[in-house]
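Construct all of the structure, not just a fragment, from the sequences and the given hints.
All letters in the sequence shown, in the order written, are residues 1 to 410 by my numbering.
By construction, these hints were calculated from the structure, which means they are not laboratory data.
Not one of these hints is a red herring.
With beta-carbon atoms standing in for the labels, derived distance ranges: (1) Pro210 x Gly275: 29 to 37 Å; (2) Gly325 x Asn93: 20 to 28 Å; (3) Arg331 x Ser358: 50 to 58 Å; (4) Glu326 x Ser218: 47 to 55 Å; (5) Asn153 x Ala209: 13 to 21 Å; (6) Gln373 x Glu309: 25 to 33 Å.
For each residue, glycine too, the CB sits at the ideal point set by N, CA and C.
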Amino acid sequence: PPRVVGLGLRAPEIVTLPGRTLLAGRTRRTRPRGWVTALGYLLLVALVAAGLAGVALLLLPQATVTLIPARTRLVSSIDVTARVGIDAADYLNRLTPARAVQAQVDGFATVLTTGVENAPLGKATTNVTLINQTNREILVPTTTVVRTTTGNNVRFRVQEEMTVPAGVGQQARVLVEAVEPGRQGNVPALTINEIEGPLNISLRVSNPAPASGGSVESVAVVTQADKERVLGQLQAELQQQAYARLAESLRQGEAVPVETVRTFTLAETYDRFNGEVSDVLGLQLQLLARGLAVDVTAAEMLARRSLREGVPEGHFLLDQSLRVGEPAYTRFGNESLSFTLTASAEALVPISTAQVRSLLAGAPLVEAGPLLQRSLALAAPPQITLAPDWLGRIPWIPTRIRVRVLEGPL
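Following this line, the structure appears as structure tokens:
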């Protein structure tokens, strides 16, 4: 059989003690090596410093990203009918409540007349001769009237009581004045030759000289144009008053379109007739105004709802930008009217802060802005600040990236 080498042999016993080593029971001293220990400590310090520096590079830098999402303007128009008898707005049928309102107003106005006519002014006078045809005295009272007998008879009245002496052919002279003013009283001589009444039998009359003093002057008179003018002015004034009265009777959220207001004349009284001499014409007018009061607030709610339902998917409507324009009235009836309302607002696509952090984590600072502009819909270039800027990169840790999303300009 083969020989077994080393059979029964034992390895020498090695015992390590501080500063020495026992080998098979014999002491072996170890030479101290101080530089090795120092080198070890130095390496340890270097590793710790490097670790701290790495941690600082990761934890200390912070990026602040400011973004403004792009906006989209949304516009929605809706046709609405306001109808009497409806208590609440109806979105499906596009109806809003309305009610009839009325107000009564009256007023007085004057205008200067514009018509001009020649009006009689002075009365003509002359002396006439009365000739007695009897043998007795004739008493002539102031009520005695003499007149012409040719053309349009012009009448004159005796101005003072007098007596014609007795005897045929006895004469007396007396002053007479035309009964009516005007130039028609300026009659020629020898044209007044008749006495009205019973004295015509006892006396004859004649005017040796023509009558004079009858005159005319230009005066203002009322014309139909004056009436139309004062009516138009007063109607306009009262219609404004009526509209104000209607507005006072409105409830909150209601409006009365001017186009629905109708006026009816209850009384129209002028203080002068056409052709009457007057410098001023007055009119007393009474009107009744009727209109439709529309619940505009309820109609605007319909327009807002229509706009909200039209917001594209993924967009966010900015409520503070929502506006509803003035109604554009298109049709008017006795108990209803139609109009169009247009609502507008701005909407934006919300920006996810998690998406922004994911895009920018570890990205070079110079590339971060273009990267965001390519990936997101923005209204303006992003603003990115990094402090401290040691590596020129966005931090890798998402929590060190602060994202600010603004709705308005920077």
